[in-house]
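**Q** Construct the entire structure; sequences and hints are all you get.
Protein chains in written order, with the numbering used here: chain A, 1 to 333; chain B, 1 to 333.
Wrong hints could be hidden among the right ones.
The list treats identical chains as one, so a pair stands whether inside a single copy or across any two.
Here are the simulated DSBU-like pairs of lysine-lysine, each with C-alpha atoms no more than 35 Å apart in a straight line [stated by the list, open to error]:
{"hint": "1", "residue 1": "Lys183", "residue 2": "Lys157"}
{"hint": "2", "residue 1": "Lys45", "residue 2": "Lys317"}
{"hint": "3", "residue 1": "Lys263", "residue 2": "Lys62"}
{"hint": "4", "residue 1": "Lys263", "residue 2": "Lys295"}
{"hint": "5", "residue 1": "Lys183", "residue 2": "Lys295"}
{"hint": "6", "residue 1": "Lys178", "residue 2": "Lys64"}
{"hint": "7", "residue 1": "Lys187", "residue 2": "Lys263"}
{"hint": "8", "residue 1": "Lys263", "residue 2": "Lys178"}
{"hint": "9", "residue 1": "Lys187", "residue 2": "Lys45"}
{"hint": "10", "residue 1": "Lys221", "residue 2": "Lys295"}
{"hint": "11", "residue 1": "Lys33", "residue 2": "Lys64"}
{"hint": "12", "residue 1": "Lys317", "residue 2": "Lys64"}
{"hint": "13", "residue 1": "Lys145", "residue 2": "Lys7"}
{"hint": "14", "residue 1": "Lys317", "residue 2": "Lys7"}
{"hint": "15", "residue 1": "Lys34", "residue 2": "Lys64"}
{"hint": "16", "residue 1": "Lys157", "residue 2": "Lys187"}
{"hint": "17", "residue 1": "Lys145", "residue 2": "Lys45"}
{"hint": "18", "residue 1": "Lys221", "residue 2": "Lys157"}
{"hint": "19", "residue 1": "Lys317", "residue 2": "Lys99"}
Worth flagging that the hints you see were computed from the coordinates, not collected in a lab.
Number of protein chains: 2
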Amino acid sequence: MGTTQLKLSDLARLAGVSTSTASRALNDNPLIKKETRERIQALAKEHHFSINAAASRLRMQKTKVIAVIINLEAETKQSVDDPFLLKVVSDINRAVNRKGYELLLSNSYMAGEDWHGYFISGRRADGVIVVGQGKEQARIERAAKAGTPIVVWGDPKTSANYPIVGSDNFIGGISATKHLIAKGASKLLFMGDPGHAELGERYRGFCHAVEEAQVEAQMVKIDITSEAAYASINALLRAQGLTFDGIFACSDMVALGVLKALKERYVSVPNDVRIVGFDDIAMAQISFPALTTIKQDTSAAAQLLVEKLLSQLSGEKTTSQEIPSSLVIRQSS
Amino acid sequence: MGTTQLKLSDLARLAGVSTSTASRALNDNPLIKKETRERIQALAKEHHFSINAAASRLRMQKTKVIAVIINLEAETKQSVDDPFLLKVVSDINRAVNRKGYELLLSNSYMAGEDWHGYFISGRRADGVIVVGQGKEQARIERAAKAGTPIVVWGDPKTSANYPIVGSDNFIGGISATKHLIAKGASKLLFMGDPGHAELGERYRGFCHAVEEAQVEAQMVKIDITSEAAYASINALLRAQGLTFDGIFACSDMVALGVLKALKERYVSVPNDVRIVGFDDIAMAQISFPALTTIKQDTSAAAQLLVEKLLSQLSGEKTTSQEIPSSLVIRQSS
DNA sequence: GATCTTAATGCAAACGTTTGCAATGATGTT
DNA sequence: AACATCATTGCAAACGTTTGCATTAAGATC
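**A** Below, the structure is given as structure tokens:
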């Protein structure tokens, strides 16, 4: 505390070498004799020396930081507290660390409109991972056009000037719906907001399967929160009674809201109504009945996101990619 | 893209002033004539100019960054995916941003053992917020002793050389238990790990209320995950049948695991067994029956954590502080 | 009109790294 | 013995800000 911060030149003097030698030694540069390197590294450890990242970043023109920005719709009630989003962030954190980068957790509040200026020109991060494609992609596009290394979690089918990684929502939608039908449902209900890119794909899958099987189907457009789902099911039952026997919820949170509403009205799940969710959040297996759902492999996706971003940093061109999702059958269907 | 990065001196030349004037203008320094300031600020906006944070940090010896480190036990299965932890992080993020700071999301993997070296000497952040006190506080203590500005989310009763912010776990434990008793329970069960500081306090509250009311009570020590809780309840029922009619779960995740196990065995909640959790995560109100719980005011806590950290940055001495928790009564009790 | 004060701006040093190039001494080659 | 090669190290510039101090111009005071 009393002593002033040790800097590289101090360490060098302590070791009896020049600053440049010390710098190279700490970076394990083979230019420096091996025993010198080890001696200096040991000395650094002994004195709890850490390189000044600010100075290093200034000189290197690199931060070794990746910014993650949670990109939510203005009109949704879905919040950054959503378990699925947080799971994604947490997986990205792991993947980022494994590559030796740090994670700057950001949002539109801090980054404003000009992401390139804020993160890249501002030397706060070397690249940006956007979680949540949203409905409006202007900011992402602008950043990409300005040359920001950027990757997005979203719907990989969307054509864009930046790579998008996400699940095969269409196929996921199909297999969820087919599963409902296989379990005997014939009057299906989709709950979600098809205007949202990823959810739209899930809905397309739903429609595709419905058409193929020639069963009844309806769609109700809701905000993707359990509260909205809960309220919506209640309204539906009140208005038209039990007009469905299978529900494909666009997310697990929605499915859980549905589940609660049905149980409160003594509708049996899965006997009267079968439910399939999407995401496979931790809650899915701990709900009662446990939730059948389409599992998104967020961990694989996170790794891919980071890899693609790093590729961009080394100048390569990258493309969008779909991650296979998988049906996890539990008791709700 | 083709053009090189605009730097402050370029902007200054464009404006026909010196670099120092430009710098002061962007920082709204009243030394500079108001109209000059505004002219330069407008020019900066027009050219999408952003200050180079690395250079600024180097010169200022300040980063305007706060590191958040999620500090988990080695032996727990509780992960960074735990909804409650993530909620806390997300609230801290908001609070940090409101003060004009950025959030570096970190963990032991990156920061290693020497937090002071990594974050402070390394000029990666100006201060550290630790989420999760854990059982072993050596690293936190060492960092504090080395002069790291640091605050901890945990049990405020623990005496330490750093401030701890957290809920009044003891009182929370009492009111949860009293509520169970008031609802007619007379054979109580506590589930959790009293070895953990915060949970220990909750258990003390439990014991206190039990003693006062002179009711039967038992404790089963489990890891604080829903899986452990689920398994534990099943084992308990198998071994000794239904020997309890009220459960105080040390967290909502634990409570939800309990709930599932009971429902699978057709034990009615709340008729046969009343349950109270702790935290009030989003899931608590969407479970069926909705979970009675002790709500932790994470948002207020986050704000307090940040304020205390900033106080330390400006040299003030800070102290631990308890946040009032509150009983939220729902259908599980 | 000379001097003093004040407002506005510019100069140049400093923050702590990394790295191209030069320098040194040792080794090998003819 | 002269020269080329190689391994190891040091010198000094550059990265882009911020800020104490000096400077200038303009207005105020006598």
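**Q** Against this structure, judge whether each hint is valid.
**A** Verification of the supplied hints:
{"no.": "1", "hint": "Lys183 x Lys157", "in the structure": "within (30 Å within a copy, 54 Å between copies)"}
{"no.": "2", "hint": "Lys45 x Lys317", "in the structure": "between (40 Å within a copy, 30 Å between copies)"}
{"no.": "3", "hint": "Lys263 x Lys62", "in the structure": "neither (55 Å within a copy, 55 Å between copies)"}
{"no.": "4", "hint": "Lys263 x Lys295", "in the structure": "both (24 Å within a copy, 25 Å between copies)"}
{"no.": "5", "hint": "Lys183 x Lys295", "in the structure": "within (19 Å within a copy, 40 Å between copies)"}
{"no.": "6", "hint": "Lys178 x Lys64", "in the structure": "neither (45 Å within a copy, 52 Å between copies)"}
{"no.": "7", "hint": "Lys187 x Lys263", "in the structure": "both (19 Å within a copy, 28 Å between copies)"}
{"no.": "8", "hint": "Lys263 x Lys178", "in the structure": "both (24 Å within a copy, 29 Å between copies)"}
{"no.": "9", "hint": "Lys187 x Lys45", "in the structure": "neither (68 Å within a copy, 56 Å between copies)"}
{"no.": "10", "hint": "Lys221 x Lys295", "in the structure": "both (22 Å within a copy, 32 Å between copies)"}
{"no.": "11", "hint": "Lys33 x Lys64", "in the structure": "within (27 Å within a copy, 39 Å between copies)"}
{"no.": "12", "hint": "Lys317 x Lys64", "in the structure": "both (20 Å within a copy, 34 Å between copies)"}
{"no.": "13", "hint": "Lys145 x Lys7", "in the structure": "between (40 Å within a copy, 20 Å between copies)"}
{"no.": "14", "hint": "Lys317 x Lys7", "in the structure": "between (39 Å within a copy, 28 Å between copies)"}
{"no.": "15", "hint": "Lys34 x Lys64", "in the structure": "within (26 Å within a copy, 38 Å between copies)"}
{"no.": "16", "hint": "Lys157 x Lys187", "in the structure": "within (29 Å within a copy, 57 Å between copies)"}
{"no.": "17", "hint": "Lys145 x Lys45", "in the structure": "between (44 Å within a copy, 18 Å between copies)"}
{"no.": "18", "hint": "Lys221 x Lys157", "in the structure": "within (22 Å within a copy, 49 Å between copies)"}
{"no.": "19", "hint": "Lys317 x Lys99", "in the structure": "within (19 Å within a copy, 38 Å between copies)"}
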